[in-house]
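Visitor: Chain by chain, the residues:
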Amino acid sequence: MFLGIDIGSSSSKAVLLDKGGAILGREVVNLGTGSGAIDDVIDVLLEKAGVDRGDILYSVVTGYGRIGYEKADTQITEIGCHAKGVYHDFPEARSIIDIGGQDAKVIRLGDGGRVDNFVMNEKCAAGTGRFFEVMARVLNCSLDDLSGLAAEAEYAVAISSTCTVFAESEVISQLSAGASPASVAWGAHKSVAKRIAGLSGRLGLIPEIVMTGGVALNQSMVRAMEEEIETSILVPESPQTVGALGAAVYAKEKYESASRDQSLQ
Amino acid sequence: MEEKKSSKQILNELLAKHYADAKNAKEEGKPVVWSTSIAPQELLETMDVAVVYPENHAAAIGARKDASQFIASAESEGYSYDICSYARVNDGYANILYSEAENMPKPDMLFCCSNICMTVIKWYENIAKKFDIPVIFFDTPYSGSYQVDPSNVKFVEAQLEEAVTMLEGLTGRKFDYDRLKEVMQISNETASWWKKATDLAKNKPSPMNGFDMFNYMAPIVCFRGKESGRELFKIWYEELQERVEKGLGPWNDGTEEKYRVLWDGIACWPYLGVTYKVLKKHGINVVTSMYPESFALLYEQHTLAGMAEAYDSLYVLRNVDYAIDKYLNLSRDFQLDGGIFHSNRSCKGMAFKQFEIQRQMESQLGVPSVIFDGDQTDPSVFSEAQYETRVQALVEMMEARKGARR
Ligand code: SF4
Chain A
84 MFLGIDIGSS SSKAVLLDKG GAILGREVVN LGTGSGAIDD VIDVLLEKAG VDRGDILYSV
144 VTGYGRIGYE KADTQITEIG CHAKGVYHDF PEARSIIDIG GQDAKVIRLG DGGRVDNFVM
204 NEKCAAGTGR FFEVMARVLN CSLDDLSGLA AEAEYAVAIS STCTVFAESE VISQLSAGAS
264 PASVAWGAHK SVAKRIAGLS GRLGLIPEIV MTGGVALNQS MVRAMEEEIE TSILVPESPQ
324 TVGALGAAVY AKEKYESASR DQSLQ
Chain B
1466 MEEKKSSKQI LNELLAKHYA DAKNAKEEGK PVVWSTSIAP QELLETMDVA VVYPENHAAA
1526 IGARKDASQF IASAESEGYS YDICSYARVN DGYANILYSE AENMPKPDML FCCSNICMTV
1586 IKWYENIAKK FDIPVIFFDT PYSGSYQVDP SNVKFVEAQL EEAVTMLEGL TGRKFDYDRL
1646 KEVMQISNET ASWWKKATDL AKNKPSPMNG FDMFNYMAPI VCFRGKESGR ELFKIWYEEL
1706 QERVEKGLGP WNDGTEEKYR VLWDGIACWP YLGVTYKVLK KHGINVVTSM YPESFALLYE
1766 QHTLAGMAEA YDSLYVLRNV DYAIDKYLNL SRDFQLDGGI FHSNRSCKGM AFKQFEIQRQ
1826 MESQLGVPSV IFDGDQTDPS VFSEAQYETR VQALVEMMEA RKGARR
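Chains A and B supply the protein sequences, listed in that same order.
What the first sequence shows, in our numbering, is residues 84 to 348, in sequence order.
What the second sequence shows, in our numbering, is residues 1466 to 1871, in sequence order.
Be careful, since some hints might not be right.
[To be verified] Cβ-to-Cβ under 8 angstroms is the rule here; a few derived chain B residues that face chain A: (1) E1647; (2) P1757; (3) A1761; (4) L1763; (5) A1816; (6) F1820; (7) R1824; (8) E1827; (9) P1833; (10) T1854; (11) Q1857; (12) E1861.
[Claimed, not checked] Calculated lysine-lysine pairs in the BS3-like style (CA-CA distance at most 25 angstroms, straight line): (13) K1742(B) <-> K1723(B); (14) K337(A) <-> K1723(B); (15) K1867(B) <-> K1661(B); (16) K1745(B) <-> K154(A); (17) K1818(B) <-> K277(A); (18) K1660(B) <-> K1488(B); (19) K277(A) <-> K1813(B); (20) K1746(B) <-> K337(A); (21) K1867(B) <-> K337(A); (22) K1791(B) <-> K1470(B); (23) K1594(B) <-> K1473(B); (24) K1791(B) <-> K154(A); (25) K154(A) <-> K1742(B); (26) K131(A) <-> K102(A); (27) K337(A) <-> K1791(B).
It should be emphasised that the hints constitute simulated quantities derived from the structure, not laboratory data.
What you are looking at is a predicted structure, and each value in this text was computed from that prediction instead of being measured.
Each residue gets a CB set at the ideal place from its N, CA and C atoms; glycine is no exception.
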């Protein structure tokens, strides 16, 4: 069995693969680095799959929490793991847009799912999951409802600030000037999409394009992104666990190449 | 027999003497000058006045993680958070005039050359106002073209002449052109040794740990026109050459140079140790940057015109195409595996070209690179975790490319 662990800034994820590479289970908890939630996630995952910790042949950890986590055999960056995970599900993919809790990245894939190049957002929370959390709070709805609210909009209110703090006050004044919450919600999605499109422009997007990370569950965001880059986007069945899946695939590869080397010696 | 001193020892002694000399000069009533880092120091050296360099001084304060109090002092005076942190540290230092790191005496005159950026103009103007002292300016226009505009060079030459007259007036002494000739000679030789030493990093493995080069940046600024500087860089060159001959890499503890990278931008002084350790952990050695060239001020003609041309030809004064060619040459000559770009909040002039340079290095030569946020002295804008993730992702990319080539 192979275990992939992804400790993000706002959620912890784990994926289990069997010896042949089939997915035995995946788990997500919305608590990130520092919460210790990852151990519970792994326990639940193993229990559901009926697997003992001792059956795990190799494990890989990724995500911002990877550096402080000592129970895995190896750590690999989330960039490498997202590439691996996407390649597992979509071998034809050439680009990844990953919007996580505190960063956004665009990755270009080469042969066999290797990372050809990538760019990440700099400096601030604009264009990340955190931005949507703030927007949901201002609009007085849950994060899950934000996408549905945006889907009701007839037009998008332009939000020009890229800084999350500025955007928050911009949105408040739009609302008090009479803009509908739906049009503001849709405007927030469009504004994130514009920022990510700028980021991807630096890299050059090549289809097929896959979107990963928790924000990919937000259908309005996928639509806004598609409109912005004028290309359709594929979304995996479980976009949040793609990094953990990639980590598990790495675990399998690492284990296999190590045992091959051993038998050759 | 006296044991031969290492260049590192000499460097530390020279820097201690540098600040002590300035202090003594002040106490003896001789003029002390504050100068920008790539200014025509030849004129000051000829006049034998004590010179200290606020940028180096601010870097030393930054490295001691002591910048915050000076930055706070400048900001409380009304200077914006968006201004270069060297300028803010120096302004704060001008208020406080004491630091745990090194100390510069109060200046009697300022010497400012705009060939590194435009920030220095207002920075020095304000310090001049604060202390009510004169400032000698060198306005080196941005050419905006690949080659330097000859009329700009003429303009700078005229300013050098003017500066000589001003220096004579300020010191009450005659300018000695024979001495200038000697100083020019020494300056060129020091710069050549600096260039030759840093060029040794072209060897595989490089005999030099690139973060060590950061340590030699203070002396190339402070002692370029001095015999002691010439001697220091010659010894450094010889030490490195000896390492090359012995086949020694950058580290003495057995760590292997696995990846050769370019470091772009100023070091992150408050996090020097952190930024270095992450690289070393992965066997990454910084083999070059734009600094070797920027400090190698060489002129064939030992005249004011020759000097004017050298000071007006820095890559920051030319267009982006010129910079790109320089980076592509470095990529080839130093056999780079990758690049690490410090998107330095302070230094807009360096940071604005980075995306395009990264793109060209990747598309033309397949050299991958990453960019991280930081600041040269302000400790508040760097995240260790973000840095580490980017460096590690760079390693993964460099490794994949090496694997593909094998
Ligand atoms: S760090 Fe950049 S902005 Fe600051 S003085 Fe130096 S060149 Fe100018």
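Visitor: So, for every hint listed, does it hold in this structure?
Guide: These are the hints, each one checked on the structure:
no.	hint	in the structure
1	E1647	violated (48 angstroms)
2	P1757	violated (27 angstroms)
3	A1761	violated (31 angstroms)
4	L1763	violated (36 angstroms)
5	A1816	violated (10 angstroms)
6	F1820	holds (6 angstroms)
7	R1824	holds (7 angstroms)
8	E1827	holds (6 angstroms)
9	P1833	holds (6 angstroms)
10	T1854	holds (6 angstroms)
11	Q1857	holds (5 angstroms)
12	E1861	holds (5 angstroms)
13	K1742(B) <-> K1723(B)	holds (15 angstroms)
14	K337(A) <-> K1723(B)	holds (20 angstroms)
15	K1867(B) <-> K1661(B)	violated (29 angstroms)
16	K1745(B) <-> K154(A)	holds (23 angstroms)
17	K1818(B) <-> K277(A)	holds (22 angstroms)
18	K1660(B) <-> K1488(B)	violated (31 angstroms)
19	K277(A) <-> K1813(B)	holds (24 angstroms)
20	K1746(B) <-> K337(A)	holds (20 angstroms)
21	K1867(B) <-> K337(A)	holds (18 angstroms)
22	K1791(B) <-> K1470(B)	violated (35 angstroms)
23	K1594(B) <-> K1473(B)	violated (38 angstroms)
24	K1791(B) <-> K154(A)	violated (45 angstroms)
25	K154(A) <-> K1742(B)	holds (23 angstroms)
26	K131(A) <-> K102(A)	holds (17 angstroms)
27	K337(A) <-> K1791(B)	violated (40 angstroms)
The structure fails to meet hints 1, 2, 3, 4, 5, 15, 18, 22, 23, 24 and 27 from the earlier list, while all remaining hints are met.
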